[in-house]
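K.L.:
Residue-level listing of the chains:
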Amino acid sequence: MEADAELVVRLQAGDETAFAELVERYHGPLLRLARAFVPSRAVAEEVVQDVWLGVVRGIERFEGRSSLKTWLFRIMVNRARSTGVREHRETPVDLTAAEPAVASGRFTSGGQWARPPAPWADGAEDRIEAKALVGHIAAFLGTLPEAQRRVVLMRDVEGLAPAEVCAILDITEANQRVLLHRGRSRLRCLLEAERGKS
Amino acid sequence: MLFRRRRRDLVCQLAVELITDYLEGALLPDDRARLEVHLAVCPHCAEYLAQIRATIAAAGSVDAEALAPDVRDELVGLYRRWQQG
Ligand SMILES: [Zn+2]
Numbered sequence: 000m001e002a003d004a005e006l007v008v009r010l011q012a013g014d015e016t017a018f019a020e021l022v023e024r025y026h027g028p029l030l031r032l033a034r035a036f037v038p039s040r041a042v043a044e045e046v047v048q049d050v051w052l053g054v055v056r057g058i059e060r061f062e063g064r065s066s067l068k069t070w071l072f073r074i075m076v077n078r079a080r081s082t083g084v085r086e087h088r089e090t091p092v093d094l095t096a097a098e099p100a101v102a103s104g105r106f107t108s109g110g111q112w113a114r115p116p117a118p119w120a121d122g123a124e125d126r127i128e129a130k131a132l133v134g135h136i137a138a139f140l141g142t143l144p145e146a147q148r149r150v151v152l153m154r155d156v157e158g159l160a161p162a163e164v165c166a167i168l169d170i171t172e173a174n175q176r177v178l179l180h181r182g183r184s185r186l187r188c189l190l191e192a193e194r195g196k197s
Numbered sequence: 000m001l002f003r004r005r006r007r008d009l010v011c012q013l014a015v016e017l018i019t020d021y022l023e024g025a026l027l028p029d030d031r032a033r034l035e036v037h038l039a040v041c042p043h044c045a046e047y048l049a050q051i052r053a054t055i056a057a058a059g060s061v062d063a064e065a066l067a068p069d070v071r072d073e074l075v076g077l078y079r080r081w082q083q084g
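Chains as they are written, first to last, in numbering that gives the first Met the number 0: chain L, 0 to 197; chain W, 0 to 84.
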């Protein structure tokens, strides 16, 4: 796959196929992330459409100081926030509220495991197993509280660096880690419960 | 702060709360060392860490929804109109 930087050069030269390639690459990820900011799919689609309009108009101003992906996500988040639709639903994240990584009932009063996690992998990596895991995660991501979902999507799904995520969301590194911790912990718990069913 | 109760030992319930800071390289050296000692002697917390790592790896393999051809055509049309000004 062609590097983003090369696509940008072609796009800045007015190459339509570069734009088509960019849309192919990032429309899905942008839409997925937008859903963690706005209340409906329809609004998310409008926001992403707006992002592409911004790209068409603003690609000349892209200087490559951030990655293209980060630039696109930042535009998306700004557009999503300016729709105003969010304001009614946005609830502040309580970072001090206790949300244990693992339910306290799993531990003894002394803090040792009473019901430890059952091993997931038996020896060699099982490819079918790994595929099932990905399928479940895809579904569980949508159940995460929005603040956690935003961070997990950008960090673990899209592979952005912590500093990039902090800049896009305008949050501190410490808060970013709390949200990441809660999101990852929740996903693991959901996967564990899913495995317990079979 | 988490270690004030026991200076040397780390209980499992606290260990699992440190996993993200550990993976992010955000623990102080002493705390990191204590967690690593715990992980070396506690198979359950070691398994927990392995599961968190598997969770992260699986998240990195989740594909986004494929682009519908009509959406692509619409967006390329938008680009074309802008180019033609
Ligand atoms: Zn332990």
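Think of the hints as simulated: they come from the structure by calculation, not from any bench.
This one's a predicted model, so the numbers in the text were calculated from it and none came from an experiment.
Virtual Cβ for every residue (Gly too), placed ideally from N, Cα, C.
Mixed in with the good hints, there may be bad ones.
Simulated restraints on C-beta separations [what the hints assert, rightly or not]: (1) ALA49(W) x ILE127(L): 16 to 26 Å; (2) PRO118(L) x GLU73(W): 46 to 56 Å; (3) ILE127(L) x GLY84(W): 17 to 27 Å; (4) LEU52(L) x GLU23(W): 48 to 58 Å.
K.L.:
Which of the stated hints cannot be reconciled with the structure, identified by number in ascending sequence?
P.N.:
3, 4
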